[in-house]
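Please work from the sequences and hints to get the whole structure.
These protein sequence lines map, in sequence, to chains A and B.
Its first residue numbered 8, the first sequence is counted upward by one per residue in my numbering.
Its first residue numbered 10, the second sequence is counted upward by one per residue in my numbering.
Any given hint could be a false lead.
Taking lysine-lysine and the DSS-like style, the derived pairs with C-alpha atoms no more than 27 Å apart in a straight line are [unchecked claim]:
#1 B:Lys368 x A:Lys49
#2 A:Lys43 x B:Lys400
#3 A:Lys26 x B:Lys384
#4 B:Lys75 x A:Lys24
#5 B:Lys426 x B:Lys408
Don't read these hints as lab results, they were simulated from the structure.
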Amino acid sequence: MEYEEAKQKLVEELTKKLKSKSKFYFNDLANILGEKPRDAKKLINRMVTDGVLEYWSSGSTSMYGMPGTGKQAAAEHEEK
Amino acid sequence: MAKHATPLLDQLESGPWPSFVSDLKAQAAKRAKNAENIEFQIPTDVVEDLLGILELSFKHGRTHWKHGGIVGVFGYGGGVIGRYCDQPEEFPGVAHFHTMRVAQPGGKFYSTEYLRQICDLWDMRGSGITNMHGSTGDIIFLGTTTPQLEEVFFELTHNLNQDLGGSGSNLRTPADCIGEARCEYACYDTQALCYDLTNEYQDELHRPAFPYKFKFKFDGCPNCCVASIARADLSFIGTWRDNIRIDQEAVQAYIGGEIAPNGGAHSGRDWGKFDIQAEVIGRCPTQCMWMEDGKLKIDDRECTRCMHCINVMPRALRIGNDRGCSIFAGAKAPILDGAQMGSLVVPFIKVEEPYSEIKETVIEPIWDWWMEEGKNRERLGELMKRQGFQKMLEVMDLKPVPQHVQEPRHNPYIFWKEDEVDGGWERDINEFRKYHKR
Ligand code: HEM
Ligand code: HEM
Ligand code: SF4
Ligand code: SF4
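Below, the structure is given as structure tokens:
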């Protein structure tokens, strides 16, 4: 899948889900893209580098979300 | 006078054992005094606020830390564990208290100079509190603010030749025993393999795309000093294929008392004369040793490489010469399904640079399978249970061998597939009826 197409698809789907969910597992994203994990990874890495997605981690588990979304976002981006 | 009164924590100093409360108080006092004139980049009283919030947690019987966070250094999805407290007004020093995992050097060898450098860095840009080492093996820096993360990362990577470790759904910092550097039991160069795989799989270490954490650990021999068999999704444990090398003269020296057993490790008390029958032969788990005409004999075909006899008489018995490692998969801690030890997947593989066989026939097929089939937060060991060991052998294109059987008759079901059986499932009914009546 082309990068731009993947980006659009992912942002669209994640925005739709925002009401109920702001953080996603890697597999959720790979499923949305309909790509195998290794191919999805290349696209998703690039989206993180471009600031379309960001990492969230509990320490033991990693998730992905769009920057500035989710209930802790305000507290976490605490540039004063 | 301490910033916060901590009567509950103070109580923890009253026992005979070392107390982390005393250590934290000492660190708080050191920062307050700042005899070295360090330009602290995070609040000077961070440690006092840490003590304060812990006291409050004890009082309330609940934690005041939030869970997780969006922190990391640019391009890295692991290595930083974001921690924020929910009482930032009262305890501003720990409003952010992020943990950084720093990859430990192979075998955890440090120069004192290096230790000073990382401590200086952390005194200036963090709380100065460390944990050597975390359960993953990393050097753990405990407590800094978000703006310091990139600064610490820059210093580590540009000036200290050091990288962040793994956390989250990544490959975790691979960990190894000291191996050939110091230990004559090492059956392969653990540090070389650990270092090579750490470099090879940088992407897996830093950019999370796994269902959950994944750990490699490397033990040079079955003594398992890094406990790889219990703690790693893939454990690499040194072993040998040929025979234990026996020096009969040295055996006699142990029997005669000229050489202390176990390298003299049990010399704190008089255990009586060394008795090879009781202490070595009688304790061999496979009972494959005996004395014959004053010589020690081993039936190596039965030996499971448990290391007991070698540990007791290291100068008389040595690991074999045809060395490599065994690979085990699926060990994990008891979050789901209970704790699991690794299951033997590859009984023997040579460990030789550039380790292509290990990468291409073991690691990568397992990852491909787990990345596709693993559920969110499912460890390899859980997937192995869910889909079965047989499935894993299939994706690795391995034939089952007797070493894969943990114990006889544990699982009586073996399913043949049609293409594995001569003639498949079809039969000629007329031919059959010639021999069998209806
Ligand atoms: C009930 C609450 C908590 C649970 C269940 C929990 C669970 C865990 C788990 C499972 C790990 C291992 C992560 C891994 O390697 O995959 C971990 C690591 C860690 N957690 Fe927590 N955690 C809790 C609270 C906290 C708090 C409040 C802090 C700090 C303020 C904290 C700091 C750490 C640190 C520093 C590590 C890394 C330790 C190391 O690598 O040695 N945790 N935690
Ligand atoms: C009553 C309070 C505490 C008790 C009883 C306690 C006890 C322990 C014990 C038993 C271990 C395991 C040691 C080992 O495996 O060798 C441990 C590990 C650890 N503790 Fe504490 N601790 C306490 C408070 C703290 C605090 C306040 C911090 C940080 C500020 C902390 C940070 C850690 C870390 C990072 C580890 C290593 C975890 C790992 O190896 O993964 N602990 N603690
Ligand atoms: S695991 Fe074996 S080789 Fe490694 S340090 Fe321990 S005894 Fe030595
Ligand atoms: S290594 Fe263990 S199993 Fe092998 S001969 Fe020695 S004691 Fe027996």
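A quick look at each hint next to the structure:
1. At most 27 Å may separate the alpha-carbon atoms for a hinted pair to count; Lys368 of chain B and Lys49 of chain A meet this at roughly 20 Å.
2. With a CA separation close to 19 Å, the supplied pair Lys43 of chain A and Lys400 of chain B stays within the 27 Å bound.
3. Of the supplied pair hints, the one linking Lys26 of chain A and Lys384 of chain B holds, its CA atoms being roughly 24 Å apart against a limit of 27 Å.
4. Between Lys75 of chain B and Lys24 of chain A the alpha-carbon distance is near 24 Å, which keeps this suggested pair within the 27 Å criterion.
5. Between Lys426 of chain B and Lys408 of chain B, the direct Cα distance comes to roughly 13 Å. Compliance with the 27 Å bound is thereby established for this hinted pair.
Comparing the model with each earlier hint shows no violations; every hint is respected.
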